[in-house]
Structures are given as structure tokens and as C-alpha cells.
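Engineer: If you read the sequences in order, they're chains A and B.
The first sequence maps to residues 236 to 593 in our numbering.
The second sequence maps to residues 34 to 372 in our numbering.
A portion of the hints provided could be inaccurate.
[Stated by the list, open to error] If we take Cβ atoms under 8 Å as the criterion, some of the chain A residues that face chain B in the derived model are:
#, residue
1, Thr341
2, Asn347
3, Glu548
Quick caveat, the hints were computed from the structure, so don't treat them as lab data.
As the structure is a computational prediction, the values presented were derived from the model and not from experiment.
Heads up, the beta-carbon is just placed ideally off N, CA and C, and yes, glycines get one too.
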Amino acid sequence: MAKLLIFAHRGEAQAFFNEWELLPVNFYFTGLFKNKDHYLLITGEGPKEASEKTVAVLAAFKPEITEVINIGIAGSLTPKLKVGEHVWVRSSYAQNAERCEFKSFTTKNHNNIDCITAYSRVTTPEEKKTLSSFADIVDRELWSIASAAHLFRIELSALKLISDESDSDDICQLVKDEAPALSKKLFSEYQNYLKKQTEAAPVALVAPKSDTILDYILTHPKLYFTTSQTRKLTTLLRGLALKKILDDEEIKTFTQNLIESTNDSISSKEISKMLLNLLGEKLNPLSTQIKNKITEALAPLTDSGAQANFDPELEQDYIQLNYQIRSTKDQKKLILALEQFNYQKIKDIFKGELGDDV
Amino acid sequence: MMFEKIFIEEHLLNHPKVLEIQQRFPMSEFKFIKKVEDVFGRVKKPYLQKRTNLNLFIGEKKGQLVKPAPPAYGLSGEPHYYFVHAYNCIYECNYCYLQGYFQSPDIVLFLNHDEIGAEIKRLADDFAKTNPGEKIWFHAGEYSDSLALTHLTGELPHYFELFKSLPNAYLELRTKSVNIKELIKLTPSENIVVSFSLAPEHRTKLNDLKTPGLKARLAAIRDLHDRGFPIGIHFDPIIYDDKLVESYTDLIYQMSLALPPEAIRYISIGVVRFTKNVYHQVLKNYPDSDFLADDFVKSFDNKIRYNKPTRLWILGKVKNLLFEAGVPLDKIYECMEEE
Numbered sequence: 236m237a238k239l240l241i242f243a244h245r246g247e248a249q250a251f252f253n254e255w256e257l258l259p260v261n262f263y264f265t266g267l268f269k270n271k272d273h274y275l276l277i278t279g280e281g282p283k284e285a286s287e288k289t290v291a292v293l294a295a296f297k298p299e300i301t302e303v304i305n306i307g308i309a310g311s312l313t314p315k316l317k318v319g320e321h322v323w324v325r326s327s328y329a330q331n332a333e334r335c336e337f338k339s340f341t342t343k344n345h346n347n348i349d350c351i352t353a354y355s356r357v358t359t360p361e362e363k364k365t366l367s368s369f370a371d372i373v374d375r376e377l378w379s380i381a382s383a384a385h386l387f388r389i390e391l392s393a394l395k396l397i398s399d400e401s402d403s404d405d406i407c408q409l410v411k412d413e414a415p416a417l418s419k420k421l422f423s424e425y426q427n428y429l430k431k432q433t434e435a436a437p438v439a440l441v442a443p444k445s446d447t448i449l450d451y452i453l454t455h456p457k458l459y460f461t462t463s464q465t466r467k468l469t470t471l472l473r474g475l476a477l478k479k480i481l482d483d484e485e486i487k488t489f490t491q492n493l494i495e496s497t498n499d500s501i502s503s504k505e506i507s508k509m510l511l512n513l514l515g516e517k518l519n520p521l522s523t524q525i526k527n528k529i530t531e532a533l534a535p536l537t538d539s540g541a542q543a544n545f546d547p548e549l550e551q552d553y554i555q556l557n558y559q560i561r562s563t564k565d566q567k568k569l570i571l572a573l574e575q576f577n578y579q580k581i582k583d584i585f586k587g588e589l590g591d592d593v
Numbered sequence: 034m035m036f037e038k039i040f041i042e043e044h045l046l047n048h049p050k051v052l053e054i055q056q057r058f059p060m061s062e063f064k065f066i067k068k069v070e071d072v073f074g075r076v077k078k079p080y081l082q083k084r085t086n087l088n089l090f091i092g093e094k095k096g097q098l099v100k101p102a103p104p105a106y107g108l109s110g111e112p113h114y115y116f117v118h119a120y121n122c123i124y125e126c127n128y129c130y131l132q133g134y135f136q137s138p139d140i141v142l143f144l145n146h147d148e149i150g151a152e153i154k155r156l157a158d159d160f161a162k163t164n165p166g167e168k169i170w171f172h173a174g175e176y177s178d179s180l181a182l183t184h185l186t187g188e189l190p191h192y193f194e195l196f197k198s199l200p201n202a203y204l205e206l207r208t209k210s211v212n213i214k215e216l217i218k219l220t221p222s223e224n225i226v227v228s229f230s231l232a233p234e235h236r237t238k239l240n241d242l243k244t245p246g247l248k249a250r251l252a253a254i255r256d257l258h259d260r261g262f263p264i265g266i267h268f269d270p271i272i273y274d275d276k277l278v279e280s281y282t283d284l285i286y287q288m289s290l291a292l293p294p295e296a297i298r299y300i301s302i303g304v305v306r307f308t309k310n311v312y313h314q315v316l317k318n319y320p321d322s323d324f325l326a327d328d329f330v331k332s333f334d335n336k337i338r339y340n341k342p343t344r345l346w347i348l349g350k351v352k353n354l355l356f357e358a359g360v361p362l363d364k365i366y367e368c369m370e371e372e
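With the rest of the complex left out, here is chain A (with noise of 0.2 Å):
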């Protein structure tokens, strides 16, 4: 598992350059570097650059990329922020030309700050005040890098150094001129990230309980879901635990008894379905009632041999029958049960006219 940070200046990474050791690795570019648990990228300035090399890396790397963590300097768009302050960055927006990209990413390890990514360096007044309409702080790269971590749904953080207000021509020169000290700052602040995520750890590493009722119900030898079923499982399961309708226990032991109340001549696969039905039935018990009483309106149709399939969404009141006549004695017997069969509960059904047991 490693960290991917990403840098729009060699200048910007230095410090992490001259701490770590940082090995580079042989890539379709240059600019790709590792360490035991970091990737560190140097993309270049731009929100293309950055997009390219963002996307090329996750793309190659991203089993082993669990967090993107874009570093570096960025415009103060606010009198609020002042240069030397660091943020960690909650949107990003983008603006391309006059245009705003639509899109917007958030990050979670954030402290209420804003970021704009510009097209092109912000130099006049007027941009700088058109863009403070959507954010506080300006940068580069930052809406690219978080789009590119998007497509891979991948966790990203952002840190932002405030190096300027926004009105400086030369940010390249800039960062040259000032580069030892940015990025030490970064460096630092990055150090204290780490920390944090290391003392947040032990509580992150406890699975949560609803993980734990479905690993056991998965795990079970007497129990095999396919992968459908497995999704229908956890949503039941997750359905239970929010409207507190059995906890991890209750449902431990409905297994159990279920598992136990069924014999040997009765597969894996089947004890599994029977569980789902009766988990379902717990979450929806309406549900469950109204298709309990169509089946029973069916029963004439059912007893006689015929196939009857109502909506499984419950939307349209239609029937739908399957029957094969192979003599005048199945025709017979189709046309008594047809006559015994009342469509009007159905229809009444639908009205929602369920009766005075519900």
C-alpha cells in the first residue's frame, strides 16, 4: 500500500527530496519516484500535465494506490488567507477560461478551504475577483489531479501552501527563488498528516460490525452465495442495521437456528436463498404481506397446475399465465380454476386494499 503525492514543481517536493530517499522509477516519463510507501510525482505546471501524468500513474500503480495527496503552493483569492498559511483543501472547482467546469470533487481531510484550478495563471484583478465568487485559493493542477483520483476511486487529500495573493506574474520564479523554505513548510505539515493517520489507525484497523455478520454468514460451510446474492445479502444486512430491526446477534442467531432447523438433503444453495427470503421478510414485512396475499388470490390459478407471475416490482397489476393444455381435461381444468379465480383481489390489492391483518 503506498501514498501517491503529487507535485506540479521539482521545487515544491524538495524537502521531501533531501528527507527521503527516493528512488526513480523507469516510466513512460520522467518525473515518477519511489520510496517504501510513497509514489511521488512531479507533474509539471498545468492542469493537463497534471491530468496525463496523474491518470498514466494511477492507471499502471493503482492496485498499490490507496490515497493521492496533491502538494503545493497555491493563490490566496481571500484577504482571510495570507502567504506562509497552509490548507488542506475541501472543493475543488476548475475554470477554463470563462467557462467553470461544472464537476466539483471534496475531499474528507479538509478545514473549510476551497480551491479554484485555473487554465491559465491568474494575473489581473479582475480574474483574481471573478474567481473569488468560487473559492478561496487558486492553483494549477488541483481539479485535474482530483478528476484523475475520481475515475479510480481513490482517496484524495490536497495541501495547499498560500505563496502569494494572486497577482504575481512570475509564480515559476517565484517557487525558484522561495523553494527551500515552501517546501520545508510543506514537508512539515505533511509529517503531522502522517501522525495523525498513525495514531487514527488502530481505531480505522476495528472492522465494522456489519462486516463482521457478513463475513460470517459468507464464511459458513453450510451456506454458498453467488455474487449476486451477495450483494442482495449485504444490502439486507445494511437495511437491518439502519432501521434497527435486528442487530449483529439476533441475526447470528436466526442463521443459526434456520441452518439448523433445515436437514442434509437440503443444498447449501437453497438453505442460502431460504436466509435471504427470510431476512427480506424482516426488512419489508409490508412487502412481504402483499405478496403473501397475491399468491394466496393465485392459489385457484397455482392449484391447478398453471404458472401464475405477478409484477415482482408490485407496480402494475397484471397476472401472467403459463399453462399447457395436452387434453380437453387440462382445458377443462384451466377454464374451472380461470372461473375460481377472482382478478378483483388483485386488483383490490393494488388499490392497496389490504384487509384488517395489516
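Start from chain A and add chain B according to the hints.
Structural biologist: Coordinates of chain B only, in the frame set by chain A:
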């Protein structure tokens, strides 16, 4: 309440309401813009940022100022319109469609009430000519709560004066707020109905986040009723749980203590429903909402709802409970359900 930034359309610089708002929020950053749409909704601002970084926009509503209301909006047989004088809400109901409607949770207030009023008057007058003696309805609160910010917005006297001069026209102010300070300064009028959305107490706590509780809403209802304001009620959205019958029985009883059933102007009942977009926003913003575990389906109009027997059963049950409590059936209407 605090707004981080307040955006004001430049031409409203000297508007008395703008000057008042500037005085009221001295700590906010003020920005002058050409028009609200230059900034509002230009980027997707995450909905829950309203908790920490709520902005206010002040402008003038352009385009169609008064619009025909969707079907099943209000008592049937009468034409219904809604007018828009604000976008978004300070509350956080976890089922609210505003999550997926605008691209930003920021509050927008429109100040051109004269123009909105003129359009209401035009429609009411036209309707009176062709349908003498019949009622026409105008609803406020389609995209915002009608009372929550009235101490700030101050438009109520304007609309009260207008509707008092339009006897065939009815105004509905929809709310979950108990901010009735501005309202009670005004003289009640037969054709101005304040309508409150109510849900059982446990549902209010679970779902109507950051809104006044049920007891406070009932107290506001009682106060307004005692002062002679006509009151409407909305049981919408109703969310199913296994306590539904007991909890609505109790709610109706509590309501009847504040407002006698015979005094209710009308009561709407509707079952929770979402557009696909709103449903996804709810999943994102409030993933632990208990109703997300319910058995929802894509229904006749592509909205996500309970299955048909469930929602019709809910509507039938609640309607029956209301009837048993003395609410005449002709005062109850079902909201947003097919024929």
C-alpha cells in the same frame, strides 16, 4: 445564522433591503455581481457545505415569475400556480428534493416582489373575468420555506396587501418554520392560508433535520389559529415504518388539540418519493437514513417510490385516520399520486 459571502446584483446596490442586509451581516464578505446566475449554480457545490459555508445571493427573478403548479397540487378543480421569490432552504430535511434540484445549497432571495405581484394580479384578474366566482390559488414555498427567513426578507406585508385586493385569489404560505413574528404583525385574511408540514415526532427528529420540532410547530399552529389565520396541513412526505398507524393516530390527536379538525382548511397527504437524481443525492448526503433500507421501486412516472399497494395502503390508512378524527373527506387531497 451567518452567511460566509453575500452576493448582490450590482443594480440593487442602493435597494433598502440590501442596505438592511449589509447592516445585519457585518461579518460577511459582500460581493457585487452582474447577475445571480453568473455565480449561483455555475459549479456543483456540495449540498452539505450549507452547514459550514452558506452563501446568500440577492437579485431579481427573471423569466416566468408565476408558473402553473404540478398536477395534484392543492385541492382539485381549482387552478394552482406557484411563484418563486427564493431558492433553497435553511433546513436539512433528508428527503428534500432541493438536494438534487439546484446545483448549490446557497440561499437566493429575489427582491422584485412588485413584478411577481403584478403577474399574480394579472393572472387572477384574467381568471376572474372568465370564471367569475371561482377560486385561483398561488403557492409560495415551492423552492424555499415561506416563513423561515421572513424576518430578513420582509415580503409578507406586500403579498398580504396584494391578496386582500384579490378576493378570488388564494395565497398559500408553505412552511415547517415557527418563525411567525412577522406574520402575526399582519391582519389575517380569509384568502391567505398558512400551511404547515407535519410528521410524527420520531419522524420529525429522524428526517426533518434542523427544523423546529413537532411540539413547536403545533404551538405555532395553535397561536396562528387563535389569531384567526386560516391553516392548512401537509402530511407529506409520509415515510413508512412499522409504527405508522400508531404514530399518525397520535399525530392527528396532537394536531386536533392545536387545531380543531373542522377548522383545517385542507390537508394534503403524500407518500415519500424521489426523482432518480434526488435519490442519489440522498444516498450521498444522508447514507444512514433509515428509509433508504425500504423497498423502493421506479414507479409510473419514473420517480422512486414505495410499490403501488404499499403507497396506496398508506394513503388509505392515513386518510381513514383523519376521517375518523373528524376531518371531512372533501378537505383531504392526495399529493402527486396517479389516478
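Engineer: Tell me, which hint numbers fail for this structure?
Structural biologist: none
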